[in-house]
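Protein sequences, first through last, are from chains A, B, C and D. Just so you know, we're using the numbering used here here: the first sequence kicks off at 1 and counts up by one. Just so you know, we're using the numbering used here here: the second sequence kicks off at 1 and counts up by one. Just so you know, we're using the numbering used here here: the third sequence kicks off at 1 and counts up by one. Just so you know, we're using the numbering used here here: the fourth sequence kicks off at 1 and counts up by one.
In short, the hints are calculated from the structure, not lab data. Fair warning: this is a prediction, and the values are worked out from it, not measured in the lab. Mixed in with the good hints there might be a few duds.
Remember, identical chains collapse to one label, so a pair may be satisfied in a single copy or spanning two.
To be verified - Derived lysine-lysine pairs resembling DSBU-like cross-links, with alpha carbons at most 30 Å apart:
id, residue 1, residue 2
1, K148, K2
2, K292, K192
3, K292, K56
4, K58, K292
5, K56, K213
There are 4 protein chains.
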Amino acid sequence: MKSKKVAIVGASGYSGEVLVQLLLNHPYADLVAVTSRQSAGQTLAEVFPRFASHPKSKTIRFSGPDVAVLATQADLIFLALPHGVAAEYAVPLLEAGCTVIDLSADFRLGDAAVYRDFYAHEHPAPALLAKAVYGLPEVYRDRIRTSKLIASPGCYPTSILLPVIPLIKAGLIRPEGIIADSMSGVTGAGRKAEVDYLFCECNESVRPYGVPKHRHLSEIEEQLSLAANSPVTIQFTPHLIPVNRGILTTLYLDPVAPCKGSEGAAHLAGQIAACYQNAYENEPFVRLLSGKALPDTKNVVGTNVCEIAWRADPRTGRLVVMSAEDNLLKGASGQAVQSMNILCGFPETAGLV
Amino acid sequence: MKSKKVAIVGASGYSGEVLVQLLLNHPYADLVAVTSRQSAGQTLAEVFPRFASHPKSKTIRFSGPDVAVLATQADLIFLALPHGVAAEYAVPLLEAGCTVIDLSADFRLGDAAVYRDFYAHEHPAPALLAKAVYGLPEVYRDRIRTSKLIASPGCYPTSILLPVIPLIKAGLIRPEGIIADSMSGVTGAGRKAEVDYLFCECNESVRPYGVPKHRHLSEIEEQLSLAANSPVTIQFTPHLIPVNRGILTTLYLDPVAPCKGSEGAAHLAGQIAACYQNAYENEPFVRLLSGKALPDTKNVVGTNVCEIAWRADPRTGRLVVMSAEDNLLKGASGQAVQSMNILCGFPETAGLV
Amino acid sequence: MKSKKVAIVGASGYSGEVLVQLLLNHPYADLVAVTSRQSAGQTLAEVFPRFASHPKSKTIRFSGPDVAVLATQADLIFLALPHGVAAEYAVPLLEAGCTVIDLSADFRLGDAAVYRDFYAHEHPAPALLAKAVYGLPEVYRDRIRTSKLIASPGCYPTSILLPVIPLIKAGLIRPEGIIADSMSGVTGAGRKAEVDYLFCECNESVRPYGVPKHRHLSEIEEQLSLAANSPVTIQFTPHLIPVNRGILTTLYLDPVAPCKGSEGAAHLAGQIAACYQNAYENEPFVRLLSGKALPDTKNVVGTNVCEIAWRADPRTGRLVVMSAEDNLLKGASGQAVQSMNILCGFPETAGLV
Amino acid sequence: MKSKKVAIVGASGYSGEVLVQLLLNHPYADLVAVTSRQSAGQTLAEVFPRFASHPKSKTIRFSGPDVAVLATQADLIFLALPHGVAAEYAVPLLEAGCTVIDLSADFRLGDAAVYRDFYAHEHPAPALLAKAVYGLPEVYRDRIRTSKLIASPGCYPTSILLPVIPLIKAGLIRPEGIIADSMSGVTGAGRKAEVDYLFCECNESVRPYGVPKHRHLSEIEEQLSLAANSPVTIQFTPHLIPVNRGILTTLYLDPVAPCKGSEGAAHLAGQIAACYQNAYENEPFVRLLSGKALPDTKNVVGTNVCEIAWRADPRTGRLVVMSAEDNLLKGASGQAVQSMNILCGFPETAGLV
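This is chain A alone, in the form it adopts within the complex (with noise of 0.2 Å):
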């Protein structure tokens, strides 16, 4: 198979760390850059220690983000900046014709006023909405592979659109009142030098955060009433747990068809599963839980699978939906990898487990 020059820009913060991973182990992407302002002229060893036994890692230097040589180096850029600085870079490196998978939010919104309204700035270049994909293979695998954007979709949403997208599809389950309850790794702040994310201020700690407008809402949301076919919005709480990576969310969600009692309950468990079963059994990156199995973070960190279970409450005729990722893999570099390879025609599981 004919291998791809691939680059990244912004690889020094926790999902370039792992994109880096990720692509220097691709049987079939070869990394030709990395760029970071404050890692500008170090080697990937010397900013990564992890990697430094792997070859390349001596090699590839970090250099300042320069769109003009970076697409004279590489087909496809993948940019894990901040948002509203991605639009920045995405507008010249499509325009010198390379291909762009964006990890940040700036393209995952079809409308640039919900984008302002969220991300609280203009949107940076609002003609490419129309133009970019939504990231997530399990519903939008045919129009990625054609993409010349990809936003690669944000890490709560993915463990929220997986397990409710099918459910809302087939009728199961009501599209108002859904309730998303998460909780991430600090990974998922970023690394950022701030004092609420320090060891100690972490460590031994829960809490909320974004309640009850967390930006992301604005993507699930979007993606929920394009499943809909009707406007939805969505309760969501995030948490910020002690753990490094990992995103559990268990999400509330009202059956279209009641289900008390126990037959009920059954029925509808029967029917969730039909569903799951339909949508997903050959997905190779989404995992249905069954028997007493629970999703568990530990048992999906470090690979680029979603976990999947559910549970139908004979006693309150609700439906318990409970999701696990890695926040940084399936939520965030592990995706974009899985787009790539679609989009390359490379085998979708190529350099992921």
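Could you slot chains B, C and D onto chain A? The hints should help.
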């Protein structure tokens, strides 16, 4: 103030250990005996090195639990035993004239049939259920004052009942559709030698468990039903997170009056604030957070305080309430000592922070 | 007992926070002022939510550090400032008649040249060095009683000096060749917004640092030299481990009399035990472990106690001594309060556990 | 390359789990069987959900350990069993013609009397001791190539022997007086349901253990004695720290030629660097750190690499060497796979990072 002789039955677990700590340093309680089958014969200093600097730690020795002896030694007995076992001790201790504060689930419910449904065995002493007082001082302070048998509440129930009861009583939220999503530190599982609670099975892991019918639902629903004057069924999902101590609960509640839009939300938030002020402004162990502050377990661990914050969501019309407590203090031993203080006529905050 | 008005300069760091906690709850000290540039204007309750239940937390407001004002408010001032800065405050406060307990390194050394060698800048107030007393009560209790300027020891030094000084003074170990290998929790690095101390950089990580010439060597060696009556140079390696609080130090010492073989080792162990008994049996904050017990930071965190255990190795003839302390209590703020108690004529254990 | 059929006996512990992971993903090894009494009957996917995405995880089922069956299934068997038990399986498997790589301590020593002294029972198969090769590839690569019985080294020994052996062989350090101070993650204690290894007993705790005569001393000293050509006795203190994986060892060594003063220290540091370069520059799994870099377990966890750094101390004349490894990879299963690669003629790095 006249001191009281107290003893602890089953003092080698986590809540027993915290009881020991509180009672060794209590200004009016005089800890005279501790029992534990597995630690019998050892001194407090040997079993709990961290208390070894306390003079009593060298003189108080664990004994096997002998009711006749205990009844001659102490006036008030704390039971820190597994459910089912606690009742076996409570019966003869009460008959011998002792006051009993039970930290197990054995006397928390009014109905032996509900107990059997949730705890999977016959209640060992159903006749006592009617005599027990549910030891939540913020709700039952007066009844605690004169009781001989206190059923100290569970850790999750405390974190749910304190924020929900005033809102139900004030008619501000509907008693239907309540959702409680909780995260607990691992001391909640007790000091049991099980693989599931090994360091490496809990560290870097988050997981739900006991879904959808955790045992604590029984006492939560009984108390909420009493507050609502009608049967209440709730949705409750506990999660295990890698901290030693602390519970964070996020509650999703439906306001009785719709609150959509920013004006409606602000109005509701004001009503909630007034309701909580009214209920808790003089409570020493409930802290209402204002401004941007949200609960964080690290701000309550080591204290008997339950923190509460709330947000009316203008987008969904729902009310989100969050609470934090130390599962071993306000969620167990601290609350039990608070009940003792009330019952014995000590200052309610004696020996507690 | 007559209470004392006290203030804390630089109270927003970790040791400042613990000082606040100790002084708010102290039976004889009356905390009247706290300063912090970054928190100026906020109340204690706002900056440290965990103290919000204390009545004073709402009335005491952080101010910027104004020496003239402080001197009128308080008799005794704790300085919890970076080295170099502390001395600038100490000079005018002493001139204004205040007693100063300094938690920085500024007055721990007798020799300004050694200070310059280890701290890389000129000492800001060399004339005061001779007046300061090294605030290790177990060694300098009498001098502390009458001092106006206490240099409270560093966290690592305390964990090393308490176990080593009695053995040197008794002539049981050689002062040459001492090795101290220490592990510290992350609060030791202070509440500084640096990437190195982010949760994800410290969690699931252990690393040495400051090898081979950590600043604390200067005061350790000065104190050991005083004990030995001859210059002592030691080997010291600190390591950062993922806990909030606690220092564990393992010391490798050469007995003066050879101890090879099990008889020799038993004899030496007996001598060490006698020496420590003699030095510490009446010390409230040193705990000598016996039997199979070894130090564990979890048994001292939250207390002002330093645990010590020792093993004479019949195979190597060497003595291994291990100590554990809470770096923020016996290693910093607890010890400073212990000095205050001595100096003010309060019971030495007042406000400490 | 011709693949090899391999099996794992005792695959349900932590090192067994990592072996499963490595062998499932190995390009040339073909995992055909896993055994475990407690997991017998379950599939790999059921026991280890994190491997559930691997196709083989659904087809490979744990069996009870039946030597006759295993010998027909696999050519090479890994034993991940407790010491004492491993030898019982090794004997018949070798007789049946299998190659055995044993991860226990059973064949690491040359002398059955030393084994009895350290492991407190008679060696179960003393005749095999002479046939076993100590599976440290950096030292015994040639002998591993032709061996039928590999005794894979312990975790602590690997972290000590790799840095020390070259220095002894080169005559740069004295073989007397070596001190090794190590910290290990809790997987080192195995997946045993014991209270000491519960989350809440290890979290926020650091503690030494096995002082002064840990079992691993026996193999460390035997290997160092072989390197020195004379009996070597060392001082070794292991500590348990709250991380899942990783060992950090700090070594205190005496240079043969005195190195006091900055010139002497620089000269020694250069000699050490040259010695290590000579020993390890072509070793794929030893990483020599330069400049200011010091080992950090987070840079090696998940890899088969051992990091080494050193400092000559001009103040004490001593050499401090620090190493870091993943106790389950280079300290156990990764190293065992490295031996397999050598022994089977696979590329030495196959299946390892």
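Exercise. 30 Å Cα cut-off: does K292 pair with K192 within a copy, between copies, both or neither?
Worked result: between (39 Å within a copy, 21 Å between copies)
Exercise. Checking K292 and K56: alpha-carbon separation at most 30 Å within a copy, between copies, both or neither?
Worked result: Answer is between: at 22 Å across copies they meet the 30 Å cutoff, but 45 Å inside does not.
Exercise. From the Cα coordinates, with 30 Å as the cut-off, is the pair K148 and K2 best called within, between, both, or neither?
Worked result: within (18 Å within a copy, 42 Å between copies)
For this session: Measure nothing new, just compare the shortest in-copy and cross-copy C-alpha distances for K56 and K213 to 30 Å and report within, between, both or neither.
Result: Cα proximity of K56 and K213: none, with 43 Å in one copy and 35 Å across.
Problem set entry | Same-copy or cross-copy closeness of K58 to K292 [CA-CA at most 30 Å] | between (47 Å within a copy, 17 Å between copies)
When held up to the earlier numbered hints, the structure conflicts with hint 5 and nothing else.
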